[in-house]
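Input sequences plus hints: build the corresponding full structure.
Each chain, written out:
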Amino acid sequence: MIPSSYYLALSAIIFVIAVVGVLVRRNAIVILMCIEMMMGAAGLAFVTFSRYLNSLDGQVVVFLVMAVAAAEVAVGLGIILSIFRHKETTDVDEINLLKW
Amino acid sequence: MLDFAWLILLFPLLGVLINGFIGNRTGRRWVGRVACGAVGLSFLVGVGVFFALLGEEHGHTIPIFSWITVGDFQIEAALLVDQLSTLMTLVVTGVGFLIHVYSIGYMAEDERYARFFTLLNLFVFSMLTLVLADNFLLLYVGWELVGLCSYLLIGFWFERPSAAEAGKKAFLVTRVGDFGFALGVMLIFATFGTLSYAQVFEQAPQTLTTGLATAITLLLFAGAVGKSAQIPLYVWLPDAMEGPTPVSALIHAATMVTAGVYMVARTHALFELAPTSMTLVAVIGAVTAFYAATIALVQNDIKRVLAYSTISQLGYMFLAVGVGAYASGIFHLTTHAFFKALLFLSAGSVMHGLAGELDMRKMGGLKDKMRTTYRTFLAGAAALAGFPLLSGFFSKDEILWRAFNSSIIPSASLRAGLWLIGIVTAFLTAFYAFRAVFLTFWGPSRVDEGVHIHESPRVMTTPLTILAVLAIVGGLIGIPHLSAVEGFLEPVFAHHEAAHASGILEWALMALSAIVAIAAIILAQYMYLVNPGLPGRLSQRYATLYKLLSNKYYVDEIYMAGIVNPLRNLASFLSQTFDAGIIDGAVNGLAAFFGRTGEETRKLQTGYVRNYSLAIVLGAVIVIGYIILK
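Residue numbers (my numbering), protein chains in the order written: chain A, 201 to 300; chain B, 170 to 799.
Hints in this document: simulated from the structure, not taken from any laboratory. Here the structure is a predicted model, which means the values were calculated and not measured. For each residue, glycine too, the CB sits at the ideal point set by N, CA and C. It is possible that some hints are incorrect.
Unchecked claim - Stretch-level coverage of chain A by chain B, calculated; a stretch enters the list once three of its residues show a Cβ under 8 Å from a Cβ in chain B: (1) 210-224; (2) 284-296.
As the list claims (entries may be wrong) - Taking lysine to aspartate or glutamate pairs in the EDC-like style, the calculated list, with each CA pair at most 20 Å apart, reads: (3) A:LYS299 <-> B:GLU768; (4) B:LYS716 <-> B:ASP537; (5) B:LYS538 <-> B:GLU624; (6) B:LYS772 <-> A:GLU294; (7) B:LYS536 <-> B:ASP470; (8) B:LYS772 <-> A:ASP293.
Next up, the structure:
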């Protein structure tokens with residue numbers, strides 16, 4: 201059986217990739233996807249511990265995370281869509297009006 | 170009748186309200202009628218009260234309403250109607266009424282007619298409040314109202330900077346004294362727990378130590394010094410000439426300056442417990458009398474001569490109350506009100522006839538052109554000079570005799586000194602009074618070309634004539650040994666010394682003061698009519714003395730350099746350096762600090778999503794790192 205630490209390592213790697221993605225990418229949709237990836241990584245970690253501890257609690261949380269992720273995508277995509285209608289772009293560096 | 174004494178206050182107040190609110194719409198004729206009518210009715214009520222009081226033993230307290238009630242502490246707004254306050258009321262309303270009538274003519278051309286009469290009525294109302302008050306707090310209210318009215322009326326022609334300045338000066342200088350007066354009232358309250366005259370005077374002999382009595386009376390006297398223009402706070406009175414002449418007459422004769430004398434006489438029960446204060450009052454009075462008389466000798470402005478003469482005569486009154494001769498002081502106050510109002514109004518009539526000229530060097534020879542004014546002025550000057558059998562003679566002589574013979578001042582040499590100052594001052598008084606007469610009305614005319622000299626209208630000369638009669642016969646109410654004034658006031662000043670020592674000495678002194686007055690008049694005639702070059706030569710020969718006198722001993726300059734300017738500099742330092750620099754600097758500096766901080770730190774808000782997310786990540790890393798490493 202593959203040891204739990206492998207799953208955790210994978211989860212950590214995906215999370216870091218997602219964080220870097222949020223920080224360096226300019227496309228709002230990609231950033232949204234990276235946020236999804238972070239949640240996925242977190243979900244993976246939950247499931248791993250659930251298995252490791254023989255408890256279902258972790259899996260319940262994962263369902264919750266998936267529901268939140270779905271809601272977040274709905275709202276996030278809606279925002280991006282409406283910005284796009286105004287500015288004809290999804291580049292977050294162009295969307296910088298709220299500043300000093 | 171006594172129950173209606175509150176009407177005395179009501180009428181002027183109604184006059185103020187009517188003229189103040191609708192005076193501009195009712196027209197000049199009605200403004201004058203309302204104002205004069207108000208004071209005249211007050212006078213009539215005063216006469217009624219006077220007759221009702223004849224033969225009464227005690228004063229009456231007439232409650233109006235309960236003003237302040239805090240627990241046991243009560244201040245009643247009540248009137249004290251006794252012989253002293255009634256006499257004062259008669260003087261204030263009687264002389265005030267004549268001045269009001271005169272003002273109808275004098276102010277006829279003025280554009281702020283209604284305002285003027287409103288203020289005159291308010292002045293009379295304030296003075297009556299002061300006089301009729303039955304406790305120290307109400308007295309203080311009247312006291313301050315009088316100060317306010319003097320400010321408003323002296324600065325009545327406020328377009329002229331000098332008038333505005335004079336009003337300010339009068340207000341501020343008297344405020345200095347009022348500060349002491351207020352402290353005195355507070356000290357009385359702290360000592361007695363009440364401010365009612367009756368209770369304070371009743372408890373005073375048991376409660377007060379000599380030291381405390383001295384403190385209270387000196388503080389009260391500080392107020393009197395300011396209000397009644399004694400050394401060192403007299404400087405406002407000569408400048409008060411800037412107001413219209415009827416106002417000068419009102420201030421000098423009926424209202425305002427007599428307040429101090431009245432107050433000392435009213436609180437004599439306290440003053441008698443403090444021999445030091447009494448002596449001080451007498452000495453300040455005598456010194457002021459002499460000092461102001463010397464200044465009056467060389468003034469060229471006719472109203473200034475009269476102003477210094479008022480200060481000098483007030484000095485006599487304080488001398489009187491200081492030696493315990495309260496009735497004599499009040500008697501002199503009364504006669505002085507007659508002849509000083511007369512002199513001022515006559516001087517105003519001269520001004521009126523000469524198109525506003527005040528300089529006596531540009532007058533002369535007016536006696537044929539302004540016959541009524543000349544006669545009335547002569548009557549006033551003779552009364553002021555103490556010409557035998559005129560009003561000023563009796564009252565002044567009475568004061569000198571009392572000073573000579575006082576039982577309050579223990580030291581015989583001090584008494585003789587006070588008397589000597591008084592008699593010398595009497596000489597100076599007679600001299601400057603007739604100097605003014607001769608320069609103004611006699612000799613060759615020095616009036617500027619083109620001035621149309623004319624006698625004043627009847628509405629002005631009638632009050633002058635009435636006052637002249639009063640100035641001539643007014644003294645008869647106080648003939649020594651038969652004094653009606655003294656008899657009338659006896660219930661108030663009950664324990665007042667009645668002992669007359671040697672009769673011969675008294676008559677001798679009286680004859681002496683008569684001789685002094687006549688000699689001074691003859692000297693004035695010699696110097697200004699027979700030998701008109703003499704004063705000029707004298708002033709050159711004694712140039713230093715002349716300059717000192719004509720510059721009023723440089724007191725204004727000394728006050729300016731010694732008190733006003735340092736205070737002004739301090740104020741400007743406080744306002745410009747301390748307040749603007751340090752206080753405002755701290756506030757503004759703090760605000761500027763946060764402003765600049767915000768200015769710099771708001772650049773953190775770049776608007777770039779990646780910056781914010783980096784901040785979130787770093788924050789999360791720090792929190793997690795802290796938790797792990799803890």
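Quick rundown of the hints versus the structure:
1. 210-224: holds (count 4)
2. 284-296: holds (count 4)
3. A:LYS299 <-> B:GLU768: Since the Cα atoms of LYS299 (chain A) and GLU768 (chain B) sit roughly 13 Å apart, the hinted pair holds (cutoff 20 Å).
4. B:LYS716 <-> B:ASP537: violated (34 Å)
5. B:LYS538 <-> B:GLU624: holds (7 Å)
6. B:LYS772 <-> A:GLU294: Holds: LYS772 (chain B) and GLU294 (chain A) sit about 18 Å apart, inside 20 Å.
7. B:LYS536 <-> B:ASP470: holds (18 Å)
8. B:LYS772 <-> A:ASP293: With Cα atoms ~16 Å apart, LYS772 (chain B) and ASP293 (chain A) stay inside 20 Å; holds.
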